[in-house]
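Protein chains: 2
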Amino acid sequence: MKIGIVFGAQSFEHEISVVSAIALKKILKHDIIYIFCDYQREFYLIPTDKINSKRFSSGEYKKDKALTLRHGGFFQKKTFGESLVECDVIINLVHGRDGEDGKISSLFDFYGISYIGPRTEGSCISYNKLLTKLYAKEVGVNVLAYQVLYKHKKEPINIKPPFIVKPLCLGSSIGIGIVKDESQIDYALDVAFEFDNAVLIEPFLQGVKEYNLAGCKTDKFLFSIVEEPHKEEFLDFDKKYLDFSRTKRVNEATIDTTLELKMKEAFQTLYDPLFLGALIRCDFFVIESEVYLNEINPIPGSMANYLFDDFNMVITELSKNLPSCVTVPAQYRYINSIQAAKGK
Amino acid sequence: MKIGIVFGAQSFEHEISVVSAIALKKILKHDIIYIFCDYQREFYLIPTDKINSKRFSSGEYKKDKALTLRHGGFFQKKTFGESLVECDVIINLVHGRDGEDGKISSLFDFYGISYIGPRTEGSCISYNKLLTKLYAKEVGVNVLAYQVLYKHKKEPINIKPPFIVKPLCLGSSIGIGIVKDESQIDYALDVAFEFDNAVLIEPFLQGVKEYNLAGCKTDKFLFSIVEEPHKEEFLDFDKKYLDFSRTKRVNEATIDTTLELKMKEAFQTLYDPLFLGALIRCDFFVIESEVYLNEINPIPGSMANYLFDDFNMVITELSKNLPSCVTVPAQYRYINSIQAAKGK
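For the protein sequence lines, the chains are W and E, in the order given. According to this note's numbering, the residues represented by the first sequence are 6 to 349, in order. According to this note's numbering, the residues represented by the second sequence are 6 to 349, in order.
No lab work stands behind these hints: they were computed from the structure. Hints should not be assumed to be uniformly reliable.
Since the list gives no way to pick out one identical chain from another, each pair is judged satisfied if it fits inside one copy or across any two copies.
Unchecked claim - In silico lysine-lysine, DSS-like type, Cα no more than 27 angstroms apart, as pairs:
1) K156 x K269
2) K70 x K83
3) K31 x K325
4) K31 x K156
5) K55 x K7
6) K82 x K68
7) K30 x K70
On a predicted model such as this, the values are computed, not experimentally measured, just so you know.
Isolated chain W (complex conformation):
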């Protein structure tokens, strides 16, 4: 099976995506085709044997073959006409904007391209932390208390410090800060508002247990191990950045079966049907034996490969079980009947 990996794009997490893509080279046993989307959103075919981070930071990739996205896939110019870059499925590995906000899924759906990754609706819901909360509550999964603040509105903050401040629509810990007392509020808000016009505030619960669970649905649910990430207070972007190149297995969290079951139930409820076609990672908090959703990562760093016993099998199975769109029949029933009535 040939897998195309699309990465990069106009995102604050562009570099993370590059690192994520390179990490998969060591892991995937499939044939890989690398399709780079640069900051200007131009696509390039990067030779798999020549992929390294310097190729992108130096601009050397601009000598690689430019690609055009159209019906059926990516095309490269030939002396006469064009040829399709053949691959069986594409992994959308663009973290953050473009990849996780619904743009790339929309492009792929519009042009009839088979891909692993969240669809547009799931993207919008996981990309916007407020929508994630509303959705989780609706399907019966617990979330922490929260408040949304907008840049241009002055509103009183209803949550007492310590609290955590997050840009509403960014991942990878970018712009996140912890407010321990009121003196730190202005600075934390300034930082977060640099990245977004809205921020989410949540109580910061010291010492609360956090667990990560990744998975997808093929003909059945395939789950990763449950990881208890080793964290300092929280991982900021610099620390988390290195985390995205991970390819080594982590230690499984020691949790009892009941708790693991609760997490898997919450995962399934959140996943099906909204995230069909994607391999997602859910980050949970556990408070007094109850599971709370922290975040949904619909395109986790290096696809959370290090959490799976057999990552290659998961990717192969998922490729075979991608959701299909209903085809709208091409018809002009109403127009024809009006024309008939008019005697045209």
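Given chain W, work out where chain E should sit, using these hints.
Positioned in the frame of chain W, the structure of chain E alone reads:
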């Protein structure tokens, strides 16, 4: 000002979009460029003086110039190279799928095209009637009670007849039915499930007042008149279809100032910032002097032109006040620092 109108696409409302596009020819005083997206999602430049519904139903449009969407706009092939189809702004007039589900907005945002229409997040929220409810409740706008049913799950219905059954993600009254007593449930569900894997059920309130209000935000809010649609029990697709070609002014609803203010307040709350860049129509119910949101139409039929005193001014002003995206700076800060640390 030159306005491009994109219409058609892979949508159950394709024909409505054709009718909507043709209706605007009589109304808009701007130069119009017609860009048709056919059921196969291929774009064509339709000569403005030759636009009529038969051109599409007969397939004659296939003789018109094919267009390709790329950075900066739509391009047509010339003997040597390509040329850009120049226009100042595009109106996304694709009703239903592709246009209102976030695909076309994503394409336009990805390729840097200036357009009137909902952005991807607003599209997803208004396209899915459950998300509309969750969003409206969150921002403090009333909605009717509801229940979502899924095709493959057997769940008891908690709402007593009479109730209305709607496919979760379709507009223009397609697949909608009223259940007056329990004997009608199976049929109504079968019809709705033909169009979607999920349906929304709401109590059917006989004789409740319904009002439509359209508008957009430029440097200030521009509102239409409030219309009280003349309806039979409800408009089904066949009846509503004809409604989309409307270009004549309607009669203003006779309502008191307090109620009108309440509707405008609800509209503003729902609109800003989620629908910036779009001209939307909100359909409200009024029950015991309180305003309830029924639906948000982010691309109303023929842009609800018939509700505005000066529709051309509204379109001109809106074109000048479209939201802009934050540009992510192209940088390789982390990759460079890692390379430096490695001594590469």
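Now for the hints, and whether the structure bears them out:
1. K156 x K269: For K156 and K269, only the inter-copy Cα distance (23 angstroms) is at most 27 angstroms; the intra-copy one is 37 angstroms.
2. K70 x K83: Both, since 10 angstroms and 23 angstroms are each at most 27 angstroms.
3. K31 x K325: Only inside one copy: K31 and K325 sit 22 angstroms apart there, 50 angstroms across copies, limit 27 angstroms.
4. K31 x K156: Classified as neither: same-chain Cα gap 43 angstroms, cross-chain 41 angstroms, threshold 27 angstroms.
5. K55 x K7: within (18 angstroms within a copy, 46 angstroms between copies)
6. K82 x K68: Both. Shortest intra-copy (14 angstroms) and inter-copy (25 angstroms) distances satisfy the 27 angstroms Cα cut-off.
7. K30 x K70: within (20 angstroms within a copy, 43 angstroms between copies)
Checked against the numbered hints given earlier, this structure breaks only hint 4.
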